[in-house]
Every structure is written in C-alpha cells, then in structure tokens.
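The listed protein sequences derive, respectively, from chains A and B.
Just add 1 to wherever you are in the first sequence, counting from 1, and you've got the working numbering.
Just add 101 to wherever you are in the second sequence, counting from 1, and you've got the working numbering.
Keep in mind that the hints are not guaranteed to be accurate.
[Stated by the list, open to error] Derived DMTMM-like pairs (lysine to aspartate or glutamate); straight-line CA-CA distance at most 25 Å:
(1) K447(B) to E263(A)
(2) K291(B) to D299(A)
(3) K291(B) to E263(A)
(4) K291(B) to E221(A)
(5) K291(B) to E102(A)
(6) K278(A) to E160(B)
(7) K278(A) to D310(B)
(8) K278(A) to D165(B)
(9) K135(B) to E249(A)
(10) K135(B) to D251(A)
(11) K291(B) to E249(A)
Note that these hints are calculated values from the structure, not bench results.
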Amino acid sequence: MSMILKTRSCSLYRALGILLLVILMFVLVPGGAWSLDEHAQAFPVTIKDSTGNTVVIPSLPRRIISIAPSNTEILYALGAGDRVIGVTTACDYPPEARQKEKVGDVNLNFEKIVSMRPDVVLGVASLQGAAIERLRRLGIPVVAVDPKTVDEVLGAIELVGRVVGADRERVQSLIKALVGRKERVLAATSRIPETARPRVFVEIWHEPLMTAGPGTFVDEIIQLAGGKNIAFDSGNPWPQFSEELLIERDPEIIVLTCHNLEQVMSEASWQGISAVKNRRVYEIDPDILVRPGPRLIDGLEVMARYIRPLIAVGR
Amino acid sequence: MRQQHILFYSLLAAATFAAATLALAMGPVNIPYKTVVLAVARRVPGLGGIEASLPPAWETIIFDIRLPRVLLACVVGASLSAAGVAFQGLLRNPLADPYITGVSSGAALGAVIAILTGIPLVFSRYGLALLGRATIPAMAFLGGIGSVYAVLYLSRVDGRLPVDTFLLAGVVVGSFLWAVISFLMTLSGKALHEIVFWLMGSLSGRGWDDLWMALPWSIAGVAALYLFSRDLNILALGEEQAWQLGVEVEWSKLLIVLTSAMLTASAVAVSGIIGFIGLVVPHMTRIIVGPDHRLLLPTSLLSGALFLVAADTLARVILPPVEIPVGVITAMVGGPFFLYLLKEAKRHDTLRG
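With the rest of the complex left out, here is chain A (with noise of 0.2 Å):
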C-alpha cells in the first residue's frame, strides 16, 4: 500500500516539475532563429523519448556520447559531430567518427562511460533496452530513440536535434532535403501496382542463407523503391530463407550485402534464377539500408535505380 502510495506521490512531482519547466521554457526561450550563441537560451529541454520516459537537458550538452552507429551518423549530420566523445566500435561513418573514443561494441563499457561524465547519451530503445536502464540507474541522462520507419528517422532526426541544442534552420533544411529526395523517388514508384512489381531478394547473410522480412528498413525501402520483397511472409524480421523458396520465388533483382558477388554468381543452384541469369545482382554498402540514420535515403535511391530499369521495360 504505502508503495503504491509512494510511486503515485513520485510521479505528481514529476508531473509538477514537469509543469513548471514548460512554463519556465515559455518564459525563458524567446521566439526567433536559433544561432549559435543562443544555443544557451533554449535549455533546459524537456524530452519524452521513445521509452516513455521524460528526460530533462539542463544546458547545451557540451559531452555527447552515441551508442549506436545510427545515432553518430545523426549528429554528425546536424554538425554535433565535434561535441561527440564517445562512439562504439561499430561507428564507423563519417569516418572521423572512427577517430572518437570508443565505450564498447554491442557490449558497452559502463565504467568508462561514467568516468567520461557524458551530459548525454544517445541510444536505440528497442536494441539497447537494458544497457539504456542501467545507464539511467547510474545517473547519466539517456535519450533514445527509436524508429521503425523511414518518417520515423526523419522525426529521430528531429529529436536528437533538440536533444543537442542542434541549429533549427540545419535541422529543418536536412529534413527538407531528404524528405524531397524520398518524394522524388515515391513520385516515380507510388503508383505501380503490386502485380507489376519486380521481384527483389536482398541476401544478409549468405550460410546459411538469411534475408530481411516485414518490418525491416530493408522491407519499406524495397516496397518504397517499387519492388516486391520476396521474403514478405516470413514471419520474423531477420529470417533464414530457405534455397527452394528462393529459387521458386525467382528474384528478378538480387541485392547483396556481404561483398560477395563473384560466390553468388557461381553458385550451382543459382543459375536459373532470373537476377543471375540476368546479371542484376549488385552489391550495396548493407549501412545504408538498416542504419536508421540519414543515410536510409541513400539506400532508398540505390534500390530505385536497381529497379527502375525493370519497370520500364516490356510492363
């Protein structure tokens, strides 16, 4: 009872605190562009992220610390690059973020991250969700973000701009441009009808054999390139395939992403499907389709122009 009691007391300050920071925002932040020096004046910002939790940013973070490659990418976009100091060993774009102290790889070195005293740190909610819990119990102040679709990178994109104290007009002139890049590729694929739709298998791992399914970036990106995944009943997102399906399925466009072209071409059973016979497999750079950073929109007009040619042809 008296814990009841205790956590309904708890969140009515959170709520007041709540309360009087947005009204103190209201008072404090004046209107206006956002420069440089007035970066200052925008804190404290009050974040709910995608865990539901409210996380308050007292002043501009000067110590930033990202925890998932996608994160890193995003702040180097919005120009937060140089107040990054700390990455995992899986950041590796831009490439000066290799240069950045690194605090893990999947698993992340807490006593190092709390000996940097980060002002934030940046992670993925549906990924990272007990590192994210324990970071908060030592105190440090986590943002994560979470998106599962290409708007939703657009909005992390957003959201981490506040969360650093990023410049309004960079942030919105980013957002501006890949939303027009998206559209431009939509306005070409939106209205092919599913029949017309070529057929398209993007190998994650070739032994055993693994592709993405529903749920993915992979999955969207395809569909909104105006191809047809040929996973799209699996029933996970990250699921072995089988070769009979594969071959029955018959892509007409094979997108690889282990660098391994030359042990695709030659595999045996290979030889029937239309993509090989034809000689549309390519290789992609795997970030640009399963980093939910900027990038996704590269990976977007790459699978497009694998698969414009095949709906101009004889459809």
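Could you slot chain B onto chain A? The hints should help.
Using the frame of chain A, we list chain B on its own:
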C-alpha cells in the same frame, strides 16, 4: 538366423530408401509427390521415355538442392554411426561417441578459422569459387585429423595406447580447443552467426560439391572398419584375451582410432557438429541385433543413414520457411526413443535373468 539377418537388412534398406524418396518430395516448396517420382524416374537409365513436364525451378529444387542433401544425410549419418560403433567397441565405454577424441573441436577450430579469415570469399573473388567452397570443409577436416594426432601423441605410452589415458587426453584436448574457439567467437563480430550455425550442425545449403568431398572418405572408412569388425569383437573381451587370441592389439587399436577419426572428420567437415547420432544409433542397433560387430556395423550404418535423413526432413518441414538445425531434431526425437529402447532392453534382461 542367417535368413533373419537378410530380412532385417532388406527392411532397413527399404525404409531408408522410402525415407529418402519421401524427403525428396517434402520441403518448403510444395511439389506433388507424383511429380517428384516421375522426375526422378525419368533420369534413371533404362526408364527413358517417361514424359513429365516440370518447371525448371522445380527441376533445380529436386536435383540440385534436395537430392544432394538427402544423399549427404545418408553419408553423414552412416559415417557417424559407424565411427560411434567403432569407438564404443574399442574403448568399451558406453558413453563414447565419434567426438570423444576431440575430432569435433579440432574440426570446429579449423572451420572457425576459415570463416573468420574469409578465405572462401578471397578465392571466389579471384574466380576460384570451387576452391572457395571447399575451404571450410578442408580446414575442418584437417583440424579434426590434427586434433586426433595430438590426442594420440599425448596418450601413447611406450608404444601402447591405454584406453583410459586416451579418453582423458581426448576430453582435455577437446576442452582446450573449445576454449580457443570461444575466444575467437568473442572477436568474431558479424560472422558469429555463421559460426554458431556451423557449430550446431546442419545440412542446409549443402550441394553436390559437399557430397563428392565426403563420399570417398566415407566409403573407404566404412570398408576399413568392416575389415576390423572381427578384431573389434575380440577386443571387446578385453585386451589381454585379444592378445592371447592373436590380435595385434596395439596395431589394430591405432588403425581403428585413425579410421574412425577420419570418418568423423569427413562427416563433420561437410555438416558441422551433428550430435547424438554417433552416440545413440550404435546403442539402438546393439539392443536390436546384439553385440557382434560384423552385424552391428552394417546395420548401424543403415540405421544412421535412415535416422539422419528422417531428422533432416523434419528439420526442413516443421517450421517453414525456417530450417531448424538438424542436431536439435536428432537429440529431441532420438533421446526419448533411445530411453524407451534402453528401458525395454533392461526389462527383458531382468525377465530373462
């Protein structure tokens, strides 16, 4: 007695053949049974003139995916079971299986190194795709053989091979190699999935190349073991008795170990570590046909083939389009069945006794 054996052999052979044909007709892609039978019959020499129109995709699925895989299941199942019979007989230890000598960990280490270094991709990059495909099995085979040599080297005392030292050396070398593998896995990054998949054992994605790689070793090894089946019978009485009966004990032991290790290594090289078959199939057949190796070896061979074909078919069709590692099926189906047989055998023993 003799006639009984012939009947049993033919029953087993027929069951294996039936399972293999059934396996050809089952899979995530639904091809009617009749179509499969007709398609296969059309290719049998002397049965020409059978008309069957088959979509090319189905042709590929039946002859380039399912057929080599079913045949490979037979070869691997037979090899592992034969090696299991030999090790259990030789070591007079019911817990012995083909992996007891550290073959599996040695082979696994070879495969893991091949996967991590990316040698297969390098080969295929330079137009040597066939060589690339052979790299993992070849490295696994060498690793397996290498570990057996290490175990033999460590456990031989004055030209003799004491069974208990041999067992211990096998276990220790195995654990050591597993530690190396675990260490490599922590550094492996994206390839981890491929390594785990290989370690669990699977026939998924295997083709004719793999069959041709495994078959010669399998035939040679099984034939050699059969020649030793009388020695195995005598060795089962104890080494001293065997010596008195004129068996070159140390020499036979060494050759049997090497042959069985070679059989195991060739099977592991193309299929990864498929557990349970080499342990359980020999026991099951021993319960049915008795301990005479001249009978036990061929029947285990056939049962092993039958068992793995059936398990692999289940692995393919239970959860389409996902394939379950076949080792999971062998243990989950084979385990309870084995316990049942064991219990029955004990009950009959007590009744008789």
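Against the earlier hints, flag every one the structure doesn't satisfy and list their numbers going up. 1 and 11
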